[in-house]
Each structure stands twice: as structure tokens, then as C-alpha cells.
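**Student:** Each chain, letter by letter, is given below.
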Amino acid sequence: MSSTAHGHAASVGNGHDAPAGHHHNPGFIEKYLWSTDHKMIGFQYLFTGMAMALIGGFTVYAFRMQIAFPGMSIPGYGRVTAGDYNALVTTHGTVMIFWVAMPVLIAALGNYLIPLMIGCDDMVFPRLNRLSYQIFLVSALVLISSFFVEGGAFGGAWTSYPPLSSKSQYNLTGVGSTLWVVAVALEFVAFLLGGINFVTTVMNSRAPGMKLWDVPIVVWMIVLASILFMASVGPLVAGAVMLIFDQNFHTGFFDPVKGGDPVLWQHLFWFFGHPEVYVVLLPAMGIVAEVITVFSRKRLFAQRTVIMTAIAVGIISFFVWAHHQFVAGIDPRMANVFSVTTLIISIPVAEMVFVYIGTLYGGSIRLTTPMLWALAFIAEFLLGGVTGIFLGASGADIYFHDTYFVLAHFHYTFFPIAFIAVFAAITHWFPKMFGRTLNETFGKVHFWGTVIPFNCIFIPLFVLGVRGDHRRIYDYRHFPDSMQAGMQDLRVFATLSLVVLLAFQVVFLVNFFYSMFKGPKAPANPWHANTLEWAAPSPPPHGNFPEGLPTVYRGPYEYSHPDRKEDYWPQHIAPEGA
Amino acid sequence: MIRPVATTREMTGMPTGRLAVWWVIASEIVIFGGVLGSYIMHRIGHPEWEYQAAHTNTMAGAFNTVVLLTSSLAAVLAHNAAEQKNGPKAARFLMLTCLGGFIFLVVKSVEWTNEIHHGYTLASSTFWSFYYMAAGLHGLHVIAGMVIMLFVAADARKNKELQRVENIGIYWHFVDLVWIFLFPLLYIAK
Numbered sequence: 000m001s002s003t004a005h006g007h008a009a010s011v012g013n014g015h016d017a018p019a020g021h022h023h024n025p026g027f028i029e030k031y032l033w034s035t036d037h038k039m040i041g042f043q044y045l046f047t048g049m050a051m052a053l054i055g056g057f058t059v060y061a062f063r064m065q066i067a068f069p070g071m072s073i074p075g076y077g078r079v080t081a082g083d084y085n086a087l088v089t090t091h092g093t094v095m096i097f098w099v100a101m102p103v104l105i106a107a108l109g110n111y112l113i114p115l116m117i118g119c120d121d122m123v124f125p126r127l128n129r130l131s132y133q134i135f136l137v138s139a140l141v142l143i144s145s146f147f148v149e150g151g152a153f154g155g156a157w158t159s160y161p162p163l164s165s166k167s168q169y170n171l172t173g174v175g176s177t178l179w180v181v182a183v184a185l186e187f188v189a190f191l192l193g194g195i196n197f198v199t200t201v202m203n204s205r206a207p208g209m210k211l212w213d214v215p216i217v218v219w220m221i222v223l224a225s226i227l228f229m230a231s232v233g234p235l236v237a238g239a240v241m242l243i244f245d246q247n248f249h250t251g252f253f254d255p256v257k258g259g260d261p262v263l264w265q266h267l268f269w270f271f272g273h274p275e276v277y278v279v280l281l282p283a284m285g286i287v288a289e290v291i292t293v294f295s296r297k298r299l300f301a302q303r304t305v306i307m308t309a310i311a312v313g314i315i316s317f318f319v320w321a322h323h324q325f326v327a328g329i330d331p332r333m334a335n336v337f338s339v340t341t342l343i344i345s346i347p348v349a350e351m352v353f354v355y356i357g358t359l360y361g362g363s364i365r366l367t368t369p370m371l372w373a374l375a376f377i378a379e380f381l382l383g384g385v386t387g388i389f390l391g392a393s394g395a396d397i398y399f400h401d402t403y404f405v406l407a408h409f410h411y412t413f414f415p416i417a418f419i420a421v422f423a424a425i426t427h428w429f430p431k432m433f434g435r436t437l438n439e440t441f442g443k444v445h446f447w448g449t450v451i452p453f454n455c456i457f458i459p460l461f462v463l464g465v466r467g468d469h470r471r472i473y474d475y476r477h478f479p480d481s482m483q484a485g486m487q488d489l490r491v492f493a494t495l496s497l498v499v500l501l502a503f504q505v506v507f508l509v510n511f512f513y514s515m516f517k518g519p520k521a522p523a524n525p526w527h528a529n530t531l532e533w534a535a536p537s538p539p540p541h542g543n544f545p546e547g548l549p550t551v552y553r554g555p556y557e558y559s560h561p562d563r564k565e566d567y568w569p570q571h572i573a574p575e576g577a
Numbered sequence: 000m001i002r003p004v005a006t007t008r009e010m011t012g013m014p015t016g017r018l019a020v021w022w023v024i025a026s027e028i029v030i031f032g033g034v035l036g037s038y039i040m041h042r043i044g045h046p047e048w049e050y051q052a053a054h055t056n057t058m059a060g061a062f063n064t065v066v067l068l069t070s071s072l073a074a075v076l077a078h079n080a081a082e083q084k085n086g087p088k089a090a091r092f093l094m095l096t097c098l099g100g101f102i103f104l105v106v107k108s109v110e111w112t113n114e115i116h117h118g119y120t121l122a123s124s125t126f127w128s129f130y131y132m133a134a135g136l137h138g139l140h141v142i143a144g145m146v147i148m149l150f151v152a153a154d155a156r157k158n159k160e161l162q163r164v165e166n167i168g169i170y171w172h173f174v175d176l177v178w179i180f181l182f183p184l185l186y187i188a189k
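These protein sequence lines are chains A and B, in that order.
Residue numbering for the first sequence follows numbering that gives the first Met the number 0, starting at 0 and increasing by one per position.
Residue numbering for the second sequence follows numbering that gives the first Met the number 0, starting at 0 and increasing by one per position.
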């Protein structure tokens with residue numbers, strides 16, 4: 000046996016020391032609420048994210064119904080006033096990005112998967128991890144509490160541009176607007192702590208033998224996303240402090256009368272806001288890479304290229320932010336520069352899509368539910384990416400800016416990221432997470448019941464956007480140009496499709512919670528996958544690998560290797576004769 | 000809580016604690032970068048701010064710069080003592096570093112009280128808004144560093160967790176470095 004085998008033996012010993020904790024029976028609070036176990040913290044993030052998604056879904060239901068049937072009493076909500084409408088739009092955007100996409104894609108999946116996939120027993124800082132979730136939970140509670148203060152929840156849109164966001168005589172939600180900033184800032188703190196933990200863990204605590212290229216793509220992507228988040232959020236933290244001061248202490252950081260500048264906020268916000276798109280995109284891309292290799296039974300095509308491409312995307316994403324400000328009075332020469340950088344960033348992203356299609360080519364594809372989601376991600380995200388080209392070109396953007404075209408483009412990127420990829424991840428790792436199997440038929444019903452209505456919502460919105468429909472309008476009846484033939488019909492169609500989409504989520508929730516307790520028991524490696532999490536039992540106990548922490552002998556994507564009888568070759572299986 | 004195996008691994012060759020401190024600093028650099036970048040852009044656009052900046056107390060700022068730099072020297076000596084496994088000595092030097100931070104804060108509060116008495120408050124103009132926000136954010140970091148340092152010193156006195164002496168030292172140097180940027184930008188630039 001080689002020297003690595005000795006290292007393995009040593010780590011086996013340690014592996015038995017570490018999970019000693021699982022011999023005593025922790026109480027309910029210690030196990031579910033005060034746990035330092037990365038898997039439990041991942042679940043805390045997951046379930047909090049799912050609960051917040053219900054809020055995000057309910058708010059969009061209420062304000063879309065107001066758009067389709069203005070002035071009507073909405074079943075389950077009542078009449079939507081103009082103030083309500085602003086608060087609902089703002090809350091939908093904020094919640095879906097900061098309290099659904101971020102916690103589920105990065106925090107929940109990162110926490111759950113990273114230690115398992117790199118073959119160690121926990122994060123390097125378990126208590127910091129717990130603190131990160133607790134701060135996140137407080138941030139969610141602060142945001143929800145803003146519904147119950149005088150004036151109600153913040154109504155200045157999720158981008159929170161001053162002066163609308165900085166002066167309560169404009170947004171009419173004085174307390175709510177400060178609570179909003181505080182909640183967002185707290186959430187950033189939570190993710191900074193979590194991100195430092197992720198990056199440090201992957202850098203220092205990989206299984207013996209696991210070189211950087213042996214780290215699965217999804218882990219790479221979550222780490223890159225964490226670094227991207229860390230490198231971009233700082234200016235917005237500073238901006239959040241300035242905004243709170245402007246709101247409450249009469250400073251004028253964003254007030255030209257006092258020597259400030261409202262566009263400063265747009266710079267600070269989008270310097271974070273655009274890399275943020277890639278902060279959530281990269282983990283989604285990583286999930287899709289894992290799922291399509293497993294269900295194509297084929298090596299990931301150009302694995303190193305994907306990683307280098309992701310790094311390139313991360314770097315370029317810092318030079319595109321001003322494409323959100325083409326109509327904010329920026330110098331046209333600067334607009335040209337940002338048009339070019341924006342078009343450039345579509346190249347590496349498109350490259351990733353090609354790599355995934357290259358992986359599918361010649362594979363023996365298995366159309367399981369996670370695979371359907373992964374394929375849908377590629378198709379739908381592609382539409383989102385292509386429509387982005389129109390908006391990146393400054394000339395076209397001047398027409399499209401703040402129309403439903405932008406909104407539809409944005410949702411064609413974000414819905415695949417925050418929902419389609421997440422459903423791929425949940426259906427793929429569910430057997431590992433809960434030790435039980437989801438129902439495939441229900442899974443496919445949910446899949447089609449989500450993807451078809453999704454397109455039925457946003458294709459009409461593209462059409463409306465091209466016809467000049469401005470976003471964030473409470474009641475289109477006041478705008479004759481927006482009430483031309485067929486336009487209201489498209490709005491009604493989109494809204495009814497939304498209701499159908501929301502209804503089909505019940506299928507998912509039933510399948511999820513029923514299977515969690517009553518589903519057929521899952522084996523340790525139901526998909527015959529290579530990565531290390533499948534070497535642990537389903538569900539993994541405290542300490543993850545009861546037979547000792549694994550050693551890694553090869554990359555994560557050795558499927559259909561010609562020298563092997565089985566079509567997969569797990570990373571931790573020692574080569575024969577070694 | 001039992002320390003997981005993960006915490007003890009060192010694949011990069013750098014101990015996990017120190018690695019994490021560098022990442023903390025990386026994320027802090029961007030926060031201060033945002034503040035200072037915004038300030039510099041405004042300052043370029045508003046040459047008239049020099050009349051406001053003329054009212055800052057450059058001598059007090061210079062004195063504080065010396066104090067902070069000296070306290071960083073004490074942090075280095077603490078690290079040196081920790082390397083020699085001399086925990087109590089490291090703890091004494093850390094307390095000295097804390098003393099430096101304390102003097103810095105006292106000078107700062109005298110300075111601010113004076114300025115506020117002369118009518119230069121947070122909201123009197125955007126220069127003063129930046130002045131109080133940037134220095135205040137830095138001051139919070141000084142306070143946080145001191146609090147952590149007291150905990151580290153308490154452990155070091157018992158020869159426990161000596162590697163943390165270096166980690167808090169790295170953080171303290173960073174706080175120092177931020178001040179090196181703040182001092183000329185807020186006090187000297189006229």
C-alpha cells in the first residue's frame with residue numbers, strides 16, 4: 000500500500016474520534032435549532048428559504064391579480080391599494096433574491112454538500128456556521144416585521160433607488176424602509192460569515208488525495224460564488240450605511256442639494272447587483288453539471304474549461320454593472336464601454352452551455368426528474384441569456400429600459416437559477432438528504448406543471464415589453480397607450496398562468512413532505528454517482544463517514560470508463576493492485 | 000463541542016484560522032474600498048470641500064497615527080512572544096496593543112466632541128457625513144479588535160490557543176492600515 004493509504008488509515012482513526020458526539024442523544028433544540036452540524040444548518044437554510052418562497056409567491060400572486068383584474072378584491076388578499084402594490088412588488092423582488100435564491104442555492108446546498116463532497120466531517124468553523132444561520136434568521140424576521148409597522152413594508156422597489164428610498168415623503172414607508180435596509184445588511188453579514196467558512200473549508204479540508212481539479216464542479220461554483228459575493232458586497236454595505244443615515248439622520252450622501260449624488264447609490268448597488276447575478280448563476284450551473292454527468296453516464300466535457308470559464312465570468316462580472324444605468328445620464332462613451340463588456344460576458348456563459356450540450360452528446364441519457372430539470376435549465380436560461388443581448392446594447396436598452404421586456408429577461412435567467420436548478424438539486428440529492436426516495440410520477444407532473452406555465456407567464460410579458468409596457472404600474476387603465484387591443488388579455492393570460500404555476504407547487508410540497516417520512520428507503524448511492532457524498536450512508540450520520548473519512552484517487556466524473564465493468568468509478572475507491 | 004477533523008486539516012499549508020482571517024480582511028477591504036472610493040469621487044467633484052476639511056484637527060490625527068502604528072509594534076512583539084511559547088508575555092504585549100487602541104479612541108472622542116461643539120455634525124455637509132461615517136466605521140473596527148484581543152490575551156495568559164495571537168495581530172495591522180488611508184484623505188488633503 001502506498002503512503003496515501005497510510006494517510007487514509009490515520010484519517011480513519013480521526014474520523015472515529017470526531018463523530019463521538021453522535022453517541023449521546025441530543026434534545027430537540029440542540030438537534031434542530033442549536034446544531035453545529037453542517038447538514039442540519041443546510042436544512043435550516045433550506046426550510047427557511049422554502050418558507051420565504053411562499054411569501055415571495057403569495058406577494059406576486061396578489062400584485063399580478065391586481066394587474067390583471069385592477070380594483071377587484073383578490074381572493075385571499077382583498078383589495079390591493081397603490082401603497083400595498085408597491086410594498087408587494089418590493090417584497091417579492093427582495094424576498095426571492097435575498098431570502099430564497101441566496102439561502103437555498105448557496106447557503107443550504109453549500110452547507111449540505113461541501114463537507115460531504117470534499118470528504119470531511121463538517122465545516123472548519125461549525126459555530127460560525129450556526130451564527131451565520133442565526134443572523135440570517137434574524138434578518139428574515141426583521142424583513143417580515145416591516146409588514147406590521149406604521150406605513151407598512153418598504154415600497155421603494157428591490158433596487159431601492161434614492162431619493163425614492165431615502166425620503167419617507169416619497170416612499171411613504173418611513174420605518175419600513177429602514178427595516179428593509181437593516182434586514183438586507185444583516186443578511187449580507189450572515190452570508191459573509193458563511194462564505195468565509197465555505198472558502199476556508201474547501202481550501203484547507205479536502206480529503207487526502209483530492210487535488211483542486213478533483214473537486215466537483217458544484218463545489219467549485221459555490222466557492223467561486225462566495226468569493227464573488229465577498230468581493231462585490233462591500234461597497235453596498237457601505238451604501239446601506241449611507242442610506243440608513245440619509246433616511247434617519249438627515250445626511251445627504253444621495254441628495255444633490257447637500258452635495259451628494261443619487262447615482263452613487265446606483266453604482267454601489269449594481270457594483271454588487273450585477274456580480275450577484277453570477278453569484279447565484281454559478282452554483283446553479285454547478286448543480287446542472289453534476290446532474291447531467293450523472294444522468295448522461297459520461298465524463299463532463301471539458302471539465303477544466305468549465306472551471307476556467309467560471310473564473311473568467313467572475314472577473315468580467317465586475318466590469319459590467321453600469322449597463323443598468325444607461326438611462327441614468329451616464330456619458331455615452333462610458334455606455335459604449337459597458338455595452339462591450341456586457342456583450343463579452345455572454346461569451347463564457349454561452350461556452351458553459353455548449354460544454355453541457357457537449358456532455359450530453361453521445362451519452363446514454365436517463366430522463367429522471369432531476370435530469371429533466373437540468374435540461375430545462377439549459378433551455379430556459381439560454382432564452383434569458385439571448386434576450387440579455389438586447390439590453391446590454393445601450394442603444395436598444397434606451398427603448399427597453401424599465402419595460403416588461405427587462406422583467407421577462409430577468410425572470411428567464413432568475414427563475415431557472417432559483418427554481419429550476421434548485422428543483423434539480425433537491426430531486427437529485429433528496430435520497431441523500433433524507434434517506435428516502437421521491438415519487439418520480441409526481442416529480443414529472445410537477446416538472447411539466449412548472450415549466451409550461453413559466454413560459455406562458457413570461458413570453459406574453461416579452462411581447463408586452465416590446466409594445467412599450469412600463470413596469471411597476473399599479474393600474475394600466477390610467478394609461479391608454481398600454482390598453483391597446485390585446486394588451487390586457489396578455490396580462491390576464493400571464494397572471495392565470497402564474498396561478499397555475501403556483502398551484503402545481505402543491506404537488507411538489509406534497510411529494511417532498513410525504514416522501515421525507517413515508518417514501519421508499521433510498522440506498523447509499525441510488526444514481527450510481529461518483530462524488531464522495533454518495534460514499535456516505537443515506538442520510539449521513541453526524542460526522543458523515545462512519546467508516547472513516549475517505550481518500551480520493553481520481554476526478555469526480557469518471558463515468559463509462561473503458562477499463563471498468565460498472566459504468567461509474569467512485570472517487571474514493573482505491574485502484575486495484577495499488 | 001468537539002473540534003471536527005475538518006478544522007485540523009491544512010491542505011494549503013496555512014492554518015485554518017489564519018487563512019480565515021485573510022478572507023475576513025479581503026471582505027473588509029472591499030467595504031472600506033466602497034466608502035473611500037465614494038468619498039474620493041465626491042471629493043474630486045467638490046473642490047469646495049477643502050474649506051470644510053480645513054477644520055479637521057490634523058495634529059490630533061497625526062498623534063493618533065503614531066499611537067496606532069506603535070500599538071501595531073506591540074502586536075508584532077506579542078506574536079514574537081507567542082512563537083517562543085511565552086503566553087504570559089504575549090498577553091502583556093496584547094494588553095499594550097489594547098492600550099494603544101484605547102488612547103486612539105480617547106483622542107478621537109475629544110476631537111469629535113470639539114468638532115460637534117463647533118457645529119460640524121454628521122448632517123452639516125456631505126464632507127462631514129463622510130468624515131464621521133468613515134472614521135466611525137474604522138472606530139468600530141478598533142473597538143471590535145480590542146474586544147477580541149482581550150479574549151485572546153486571556154487565553155494566551157494560560158498558554159492556550161497561542162496561534163490566535165498572530166491572527167488578531169494580522170487583523171490589527173489591517174485596522175492600522177485603513178487608518179493610514181483615512182488620515183491623509185480626511186485630514187491632510189486640502
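Misleading hints may appear alongside valid ones.
So these bits of chain B aren't anywhere near chain A, every CB distance computed over 10 angstroms [unchecked claim]: (1) 8; (2) 19; (3) 33; (4) 34; (5) 62; (6) 71; (7) 76; (8) 84; (9) 104; (10) 106; (11) 114; (12) 124; (13) 140; (14) 182.
Okay, the calculated beta carbon distance ranges per label pair [as the list claims (entries may be wrong)]: (15) B:154 with A:545: 27 to 37 angstroms; (16) A:395 with B:32: 27 to 37 angstroms; (17) B:106 with A:538: 51 to 61 angstroms; (18) B:160 with A:564: 47 to 57 angstroms; (19) B:159 with A:27: 26 to 36 angstroms; (20) A:255 with B:57: 26 to 36 angstroms; (21) A:33 with B:75: 49 to 59 angstroms; (22) B:21 with A:158: 26 to 36 angstroms; (23) B:2 with A:538: 40 to 50 angstroms; (24) B:32 with A:255: 21 to 31 angstroms; (25) B:2 with A:50: 31 to 41 angstroms.
It is worth saying that the hints were derived from the structure and are not from the lab.
Note that the structure is predicted; figures quoted are calculated from it, not measured.
Glycine residues also receive a C-beta, built at the ideal position from the N, C-alpha and C atoms.
**Student:** Each of the hints needs a verdict: does it hold here or not?
**Tutor:** We went through each hint and held it up to the structure:
no., hint, verdict
1, 8, "violated, 4 angstroms"
2, 19, "violated, 5 angstroms"
3, 33, "violated, 3 angstroms"
4, 34, "violated, 4 angstroms"
5, 62, "holds, 27 angstroms"
6, 71, "holds, 23 angstroms"
7, 76, "holds, 28 angstroms"
8, 84, "holds, 24 angstroms"
9, 104, "holds, 20 angstroms"
10, 106, "holds, 23 angstroms"
11, 114, "holds, 15 angstroms"
12, 124, "violated, 6 angstroms"
13, 140, "holds, 13 angstroms"
14, 182, "holds, 19 angstroms"
15, B:154 with A:545: 27 to 37 angstroms, "holds, 33 angstroms"
16, A:395 with B:32: 27 to 37 angstroms, "holds, 33 angstroms"
17, B:106 with A:538: 51 to 61 angstroms, "holds, 57 angstroms"
18, B:160 with A:564: 47 to 57 angstroms, "holds, 51 angstroms"
19, B:159 with A:27: 26 to 36 angstroms, "holds, 33 angstroms"
20, A:255 with B:57: 26 to 36 angstroms, "holds, 29 angstroms"
21, A:33 with B:75: 49 to 59 angstroms, "violated, 39 angstroms"
22, B:21 with A:158: 26 to 36 angstroms, "holds, 32 angstroms"
23, B:2 with A:538: 40 to 50 angstroms, "violated, 23 angstroms"
24, B:32 with A:255: 21 to 31 angstroms, "holds, 24 angstroms"
25, B:2 with A:50: 31 to 41 angstroms, "holds, 32 angstroms"
This entry does not satisfy hints 1, 2, 3, 4, 12, 21 and 23, going by the numbered hints stated previously.
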